[in-house]
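There are 2 protein chains.
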Amino acid sequence: MPVGTQATVKSLRNEALDELGAQILLGNTYHLYWRPGHELIRKLGGLHKFMSWDRAILTDSGGYQVFSLSELRKISDEGVRFRSHLDGSEHLLTPEKAAEIQLALGADIAMVLDECIETPAPRDKAEAALKRTAAWAKRARAYFVECANRNGDLPQWQFGIVQGATFADLRRQSAEQLLEIDFPGYAIGGLAVGEPHEMTCEMAAEAAALLPKDRPRYLMGVGRPEQLADYVGLGIDMMDCVLPTRAARHACIYTSEGRVLIKNSRYVEDQRPLDPECSCSVCQRYTRAYLRHLFAAGELTAAILATHHNVHFYLDLMRQIREAIEFGNLVKFASGVRARYAAGPA
Amino acid sequence: MPVGTQATVKSLRNEALDELGAQILLGNTYHLYWRPGHELIRKLGGLHKFMSWDRAILTDSGGYQVFSLSELRKISDEGVRFRSHLDGSEHLLTPEKAAEIQLALGADIAMVLDECIETPAPRDKAEAALKRTAAWAKRARAYFVECANRNGDLPQWQFGIVQGATFADLRRQSAEQLLEIDFPGYAIGGLAVGEPHEMTCEMAAEAAALLPKDRPRYLMGVGRPEQLADYVGLGIDMMDCVLPTRAARHACIYTSEGRVLIKNSRYVEDQRPLDPECSCSVCQRYTRAYLRHLFAAGELTAAILATHHNVHFYLDLMRQIREAIEFGNLVKFASGVRARYAAGPA
Numbered sequence: 004m005p006v007g008t009q010a011t012v013k014s015l016r017n018e019a020l021d022e023l024g025a026q027i028l029l030g031n032t033y034h035l036y037w038r039p040g041h042e043l044i045r046k047l048g049g050l051h052k053f054m055s056w057d058r059a060i061l062t063d064s065g066g067y068q069v070f071s072l073s074e075l076r077k078i079s080d081e082g083v084r085f086r087s088h089l090d091g092s093e094h095l096l097t098p099e100k101a102a103e104i105q106l107a108l109g110a111d112i113a114m115v116l117d118e119c120i121e122t123p124a125p126r127d128k129a130e131a132a133l134k135r136t137a138a139w140a141k142r143a144r145a146y147f148v149e150c151a152n153r154n155g156d157l158p159q160w161q162f163g164i165v166q167g168a169t170f171a172d173l174r175r176q177s178a179e180q181l182l183e184i185d186f187p188g189y190a191i192g193g194l195a196v197g198e199p200h201e202m203t204c205e206m207a208a209e210a211a212a213l214l215p216k217d218r219p220r221y222l223m224g225v226g227r228p229e230q231l232a233d234y235v236g237l238g239i240d241m242m243d244c245v246l247p248t249r250a251a252r253h254a255c256i257y258t259s260e261g262r263v264l265i266k267n268s269r270y271v272e273d274q275r276p277l278d279p280e281c282s283c284s285v286c287q288r289y290t291r292a293y294l295r296h297l298f299a300a301g302e303l304t305a306a307i308l309a310t311h312h313n314v315h316f317y318l319d320l321m322r323q324i325r326e327a328i329e330f331g332n333l334v335k336f337a338s339g340v341r342a343r344y345a346a347g348p349a
Numbered sequence: 004m005p006v007g008t009q010a011t012v013k014s015l016r017n018e019a020l021d022e023l024g025a026q027i028l029l030g031n032t033y034h035l036y037w038r039p040g041h042e043l044i045r046k047l048g049g050l051h052k053f054m055s056w057d058r059a060i061l062t063d064s065g066g067y068q069v070f071s072l073s074e075l076r077k078i079s080d081e082g083v084r085f086r087s088h089l090d091g092s093e094h095l096l097t098p099e100k101a102a103e104i105q106l107a108l109g110a111d112i113a114m115v116l117d118e119c120i121e122t123p124a125p126r127d128k129a130e131a132a133l134k135r136t137a138a139w140a141k142r143a144r145a146y147f148v149e150c151a152n153r154n155g156d157l158p159q160w161q162f163g164i165v166q167g168a169t170f171a172d173l174r175r176q177s178a179e180q181l182l183e184i185d186f187p188g189y190a191i192g193g194l195a196v197g198e199p200h201e202m203t204c205e206m207a208a209e210a211a212a213l214l215p216k217d218r219p220r221y222l223m224g225v226g227r228p229e230q231l232a233d234y235v236g237l238g239i240d241m242m243d244c245v246l247p248t249r250a251a252r253h254a255c256i257y258t259s260e261g262r263v264l265i266k267n268s269r270y271v272e273d274q275r276p277l278d279p280e281c282s283c284s285v286c287q288r289y290t291r292a293y294l295r296h297l298f299a300a301g302e303l304t305a306a307i308l309a310t311h312h313n314v315h316f317y318l319d320l321m322r323q324i325r326e327a328i329e330f331g332n333l334v335k336f337a338s339g340v341r342a343r344y345a346a347g348p349a
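As you go down the protein sequences, you meet chains S and L in turn.
In this note's numbering, each residue's number is its place in the first sequence (first place is 1) plus 3.
In this note's numbering, each residue's number is its place in the second sequence (first place is 1) plus 3.
It is worth saying that the hints were derived from the structure and are not from the lab.
Some hints here could point you the wrong way.
Put simply, identical chains are the same to the list, so a pair is met inside one copy or across any two.
Lysine to aspartate or glutamate pairs mimicking EDC-like chemistry, simulated, CA-CA at most 20 Å apart [stated by the list, open to error]:
#1 K77 x D90
#2 K335 x D57
#3 K52 x E42
#4 K52 x D273
Kindly generate the complete structure, drawing on both the sequences and the hints.
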């Protein structure tokens, strides 16, 4: 899922996302809550209509940004109290409030509020957070179903989120707690926040093994190109990451041969496309020398072209992963990508 | 002509310019001389190939930016000596050098080097600058024809530039001097730099009346929407202006009803397109409320969408002006645009 934090994928028109074949975007509830505000979006007909995007949207709960961006946060069983990073005003995010905001936004998939903790975390802290996360999931589901019943049907798919830090048994326990509540889809959160890739895989595997095969399994906030196939191999169906778009704005281009840091002087006269094997519209028309120039000159067009290419690269990588599954050679495919990415710049 | 200063129209992919029907772009020699450098562009096959644009390009002489951006400039009959605004290095721009750089860039239309002076200017200063401008035009043409003869044909249309500040007789004198040299097209420079619109029109009219009807007449660096028809009425065929693109980045939208300052809170819930009468792809898909949000949130996509619309507005305005000429009602058309633009914000 390309990330459309503030109701846009940075530097891409929706027309570009149409061309790229994006089927679903992620919107950030925390950001949309502040700007333009979920009540305004509700009033204007929901996020799809507001941003003129008729394919799927997933919104997160806002919790992750409250924990990472806001000031003076104070967690209790009720919810999390925090100050706006914009104007200092005080707010309270509860499981019910997170569900309510997301109902107003009206995305296709909504996430429950969970407690995000820093890793590595001591076991007692992880256990306490997990207990709260489980209680919050139950409240979020109850609130959501009650609201939905008032309106006659369930307007969104609400996903639970497996937590448990880096403790395998806590991950399993969390998955079981959520299965009892019964969600139409399940996410795995609190990973890829600094721990080694092997640990991420181990924790994701513990959870994924327990989650039902016929419901989406979503690993939140990943990943690097060389990691995606690993996650899919563990049973992950959905991922989101700012990497392709953020890296693009910093002149880091993903290619079939690995990362290309396009500002490097070696590309000054390079008349090849960003990726000679890429079929995206940027690679059909523009050269590395031109992209390098646009970045050196500080032109907005640089971000537009690089982002377009990188999002194509990620979506195409996922298409290739699906193909590798069909042909039964996912493991080989994964190691091929890893080798190409190990050789180049980080 | 949309302005593509550094080999891109800021925040527009060439695909957008294709869609908008842009037939010609302006590139700035001064900027391209520094970044990526004219020798590199020559080596990579010229500006068209470098930026992947196969319709027409016009490059200016670089003189205007030398006079307005560079430090420690010193003018003599030889040329203008100046320091780079980037690294402080010293450079000399002569009429021959300006022609040579533009031959390297390889645009379809190139401009001679002229001396730009601040206005209002005293008559003696304007006369001295005009004398130098005439001498430089002669040298530029001679150099260009000599280079071209070496290569067998004239690779570009080289335009002379009428100067003369705000003195009608100097403007006439300048036009006559250029006619003697015989250029395939003529520009009128040094206007719209602070003097009243009526003065711009008067000076443009003096020059245009003497310039041949069968050769392009190009008024440099104009103009506001409500002024374009006036200039066309004086016999002007070509114009360039950063206004549509620069205003777009500052959230100023041109519409059939006048300027819309889209950040204004009155547009928070406005679900109409930027311009209800506009046929551009931005107006077909996005609302004012959404554009306002994108600007408020500081999203790059705001500049992309606003620029696309504003360039469409300008190109469409020119189409309407051509139509008004065909129907014989240009004067009425001009006063209609003026009235709509007088009512709204500046």
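Structure-based check of all given hints:
1. When the C-alpha separation of K77 and D90 is checked against a cutoff of 20 Å, the pair qualifies only within one copy, where the shortest distance is 18 Å, while the shortest distance between copies is 51 Å.
2. For the identical chains of this complex, K335 and D57 are neighbours neither inside a copy (36 Å) nor across copies (43 Å), given an alpha-carbon limit of 20 Å.
3. Only within a single protomer do K52 and E42 lie at most 20 Å apart by alpha-carbon distance; the minimum there is 14 Å, versus 49 Å between protomers.
4. Proximity of K52 and D273 under a CA criterion of 20 Å is satisfied inter-copy only: 13 Å between copies versus 42 Å inside one chain copy.
The structure shown violates just one earlier hint, number 2.
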